[in-house]
Amino acid sequence: MTEKEESVKLLGFWASPFSRRVEMALKLKGVPYEYLEEDLPNKTPLLLELNPLHKKVPVLVHNDKILLESHLILEYIDQIWKKNPILPQDPYEKAMARFWAKFIDEQILTLGFRSLVKAEKGREVAIEETREMLMFLEKEVTGKDFFGGKTIGFLDMIAGSMIPFCLARLWEGMGIDMIPGEKFPELNRWIKTLEEVEAVRGCIPPRDKQIERMTKIAETIRSA
Amino acid sequence: MAEKEEDVKLLGFWASPFTRRVEMALKLKGVPYEYLEQDIVNKSPLLLQINPVYKKVPVLVHKGNILSESHVILEYIDQIWKNNPILPQDPYEKAMALFWAKFVDEQVGPVAFMSVAKAEKGVEVAIKEAQELFMFLEKEVTGKDFFGGKTIGFLDLVAGSMIPFCLARGWEGMGIDMIPEEKFPELNRWIKNLKEIEIVRECIPPREEQIEHMKKVVERIKSA
Chain A
1 MTEKEESVKL LGFWASPFSR RVEMALKLKG VPYEYLEEDL PNKTPLLLEL
51 NPLHKKVPVL VHNDKILLES HLILEYIDQI WKKNPILPQD PYEKAMARFW
101 AKFIDEQILT LGFRSLVKAE KGREVAIEET REMLMFLEKE VTGKDFFGGK
151 TIGFLDMIAG SMIPFCLARL WEGMGIDMIP GEKFPELNRW IKTLEEVEAV
201 RGCIPPRDKQ IERMTKIAET IRSA
Chain B
1 MAEKEEDVKL LGFWASPFTR RVEMALKLKG VPYEYLEQDI VNKSPLLLQI
51 NPVYKKVPVL VHKGNILSES HVILEYIDQI WKNNPILPQD PYEKAMALFW
101 AKFVDEQVGP VAFMSVAKAE KGVEVAIKEA QELFMFLEKE VTGKDFFGGK
151 TIGFLDLVAG SMIPFCLARG WEGMGIDMIP EEKFPELNRW IKNLKEIEIV
201 RECIPPREEQ IEHMKKVVER IKSA
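These protein sequences, in sequence, are chains A and B.
If you count the first sequence from 1, position 58 lands on 58 in the UniProt record's numbering, and the numbers rise without skipping.
If you count the second sequence from 1, position 144 lands on 144 in the UniProt record's numbering, and the numbers rise without skipping.
So that you can see chain B by itself, here it is in the shape it has in the complex (with noise of 0.2 Å):
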């Protein structure tokens, strides 16, 4: 059945990761979509009136059915639109991309960020601990393309939008070589063969204004 445009609509922000996997999502899969770009400092009444719980983006519109949470939204788009699958179909292996999806957005995301910016206990202690969690992403992605194996999957969106394509940015602007390839030849591997993919080219922020906005957004951490 031909889907039409205004059948999906997305609610997003240029430069927020949980937008991007969404739209890499809906591209993999050849979703037609309506991209309605939010600005998430004065926010619609549509954002607010759509997303009351969080009034965040992104949120997913599908002919009346409205999600929010970019892992929720991943996971009904790969039920909805079932070519090029995203999750396994195995259960065990599916919890598995899902626990490192988690582990990517509550723990990577915060520690090797916030917690840099922050540098508590100064930057360098700040950024062992974020290399210690990274040493688990490294391994996970060792021997395979990519997270999903041969073709990018949930884990690749999920950690490609956050890592490379956001965080790194941030780190670019802090002068901080987080993970560096002696360190991490394998997840460096992996953001080059991600890199290649036409439709994750397609949803990167561009370079410059990123590298601004996580300075802002530095800016911001510092000093809450």
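Chain A with its partners taken away, still in its complex shape (with noise of 0.2 Å):
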């Protein structure tokens, strides 16, 4: 088979943990590309030109097709480069990981972030309906090495990106213990086994400059 000239280019940001997990993909399935750090929030012209309607990050330039929207540059990914499926086959599997990676993404982030941040009805309450929706999560990786299984898929790169790589360090900044061992033993266990996966440990963002950032950001969505 002859190697095709394939350009990919993957415009992100160091801190995003949607621009992680396509970082994750693309390790995963061993496909070279060129990284082109944004400055956010001095949006580079490359990145207005290319995502004009959102302006944000990532965006995959993949030849001359752009994509944009984590999800589906992962879907994207996993059609084009084979290699170490990310989604399940089955149609109700596949369905159930997007179900669930949705709830990530939306709730899981709007109440593990925003809402604990502004916490309008109390700290303690905010952190009550956080784990309520953790545990959720905690039943679905229950009995599995990871939520794809033996093997990380799209789910664990969405929460493994999203979780224990974003929101824990804005949770520790806190001084939040948001999923303690003996309340979430699974959970625990996966993120353990998560540092393990080669692909996952080299998009993890630096402990302590993120720990840093998000606290300055959960200041800038307490004084608004």
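These aren't lab readings, by the way, just hints derived from the structure by calculation.
All of these numbers come straight from a predicted model, not from anything done at the bench.
Possibly wrong hints are sitting among the right ones.
As the list claims (entries may be wrong) - Calculated cross-link-like contacts (lysine-lysine; reagent style PhoX-like; alpha-carbon spacing at most 20 Å): (1) K43/A - K56/A; (2) K94/A - K63/B; (3) K102/A - K55/B.
Relying on the hints, combine the two individually framed chains into one complex.
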């Protein structure tokens, strides 16, 4: 098989879980790519040209095709590069992976970030509400090495980039132990297992730098 | 293999665009289904049990598989029932269809309705901002019978159920002409094309009742 002239570029941001998960997928599948770091909030002309609608990262450029939205990018990557598949073949299993991915980026992110920081009904209530949602994930990963089963998949990348390697840094900065081992044994086990995967390890934002950044963002939200 | 009606159940709400689009897909593919109208204010024990995460409609039950979230349901339907496909095969084309569908539900819907109803910066500003978003859709459908090309597809079902057969009834009740023909000739042409399809027509909520319903929704938004 001849090597095609493939060009893959990823516009990303070091602290963005949406960007990091795409890197995990590319690394897992051994896809060579050129990474272009965006100096947010000073968006480059390239970003504004490639994503005029949302002006956000990540943006994947594959040859002449421009892909936006991390979930869509991951699904696209999975269809183009067949090695180490990340989505299940079974339609129902695939639907469930998509469902939980949406849940994480919408519910967990909202409750575990914005709502928690604002704590309109008080900090304890906000923590409880976040934990209630995390319980659904605790159940989902019970008895499995990864959400994807024996190997990491779509949902592991989404949950991994968002929870232990992004939100957890916020929680740490706020002095909150959101997912204690005694309440969430399965999620904690999953996090340990995840940290051992090479494709993941290379995509974890530096801890202290990210705690600092998340704490700053929390301040901005609080004073808004 | 002949499907029995009992194999497929759809829990829905008559005024919900998310429900209606699922019905369009099932009808398009000739899938027999049992429809269970839900009271979304006084939610049934069945709904709470079957969708404990969101407690919302639509929910599709197919041979014991429970699916929620309309985009996830539509993709599932397209994979199980292969006739009259609604998503493109090409990975890039598919990603684009899903991208625009997300745009319709996450940007257009809230901006073109909620923001207009709240009119925090005044109705004229709200309308202008909404029309900027509609311009993206106007471009997308230019030169095509449908977003899906020659036949209706995923994006037609999502945008059709949301825009002409839901939001437009809200605008009417507010006395707003959001997408006038002279500004949006392509979108207006698309709406006419949609209305000529029988299975779409069968899934349009009754106009007067929906205008009333949307007026109530506007009231709720204003007083929130």
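Taking the hints in turn, this is what the structure says about them:
1. Proximity of K43/A to K56/A is assessed by CA-CA distance (about 9 Å); at most 20 Å being required, the pair is judged to hold.
2. A hinted pair counts as satisfied when its Cα atoms are at most 20 Å apart, and K94/A with K63/B qualifies at roughly 16 Å.
3. Simply put, K102/A and K55/B have alpha-carbon atoms about 15 Å apart, close enough for the 20 Å limit, and the pair holds.
In summary, this structure violates none of the numbered hints.
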